[in-house]
Structures are given as C-alpha cells and as structure tokens.
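Undergrad: To get the working numbering, take the position in the sequence shown, counting from 1, and add 142.
Since the hints were made in silico from the structure, they are not lab data.
Just so it is clear, CB atoms sit at the ideal spot from N, CA and C, and this is done for glycine as well.
A couple of the hints might just be wrong.
As the list claims (entries may be wrong) - Here are the simulated distance ranges between beta carbons:
1. LEU155 / GLY193: 32 to 40 Å
2. ALA190 / ASN153: 26 to 34 Å
3. ILE199 / ARG157: 27 to 35 Å
4. LYS166 / ILE200: 25 to 33 Å
To be verified - Simulated pairs of lysine to aspartate or glutamate, EDC-like, Cα-Cα distance not exceeding 20 Å:
5. LYS152 / ASP177
6. LYS201 / ASP171
7. LYS186 / ASP171
8. LYS183 / ASP154
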Amino acid sequence: MLDKVYPRTKNDLVRAIQKTRINKIEVIDGYTSADERDLIKTAKNMSAGSGDVTIIIIKS
C-alpha cells in the first residue's frame, strides 16, 4: 500500500486492500485506551522479519 496513493474513501480502501498481497492479518475490534499495550505488542510481532506492516485505524 505504501507505493500507491493513500485511500481517502471506503471504496478506495477496499480496492487497495484487494490489490495488496497479504501474508498475515490481525483484527483488533472494540479497542479502548486500556488495550494500548496489546496493540503495540501486536504491531511489534507483525513487524518481525521481512515485509512491510500497514496499520489501518477505522472509527465507526
């Protein structure tokens, strides 16, 4: 996703994700500020090894 223009709409985001080769995915639903350590731990674990990590935060 880093090579492309950043998506600005929901449809752009869906298209960008569909075109991206995804090796691993983690979904954290219902985040609260108390979950910050878990979020950081997940990001560190995902970034281990080669490849890029993209974090998408959606507020609904």
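Undergrad: So, for every hint listed, does it hold in this structure?
TA: Structure-based check of all given hints:
Checking the proposed 32 to 40 Å range against LEU155 and GLY193 shows it is violated: the Cβ atoms sit about 20 Å from each other. The hinted window of 26 to 34 Å between ALA190 and ASN153 holds, with their beta carbons roughly 32 Å apart. Distance hint for ILE199 and ARG157: a CB-CB separation of about 19 Å, inconsistent with the stated range 27 to 35 Å. Separation of LYS166 from ILE200 is about 19 Å and departs from the stated range, judged on CB atoms against 25 to 33 Å.
For the suggested pair LYS152 and ASP177, the alpha carbons sit about 25 Å apart, so the restraint of at most 20 Å is broken. With a CA separation close to 10 Å, the supplied pair LYS201 and ASP171 stays within the 20 Å bound. Taken as a hint, the LYS186 and ASP171 pair is honoured in the structure, with Cα atoms around 18 Å apart against an allowance of 20 Å. At roughly 28 Å between alpha-carbon atoms, LYS183 and ASP154 are farther apart than 20 Å, so this suggested pair is violated.
Hint violations for this structure: numbers 1, 3, 4, 5, 8, all remaining hints satisfied.
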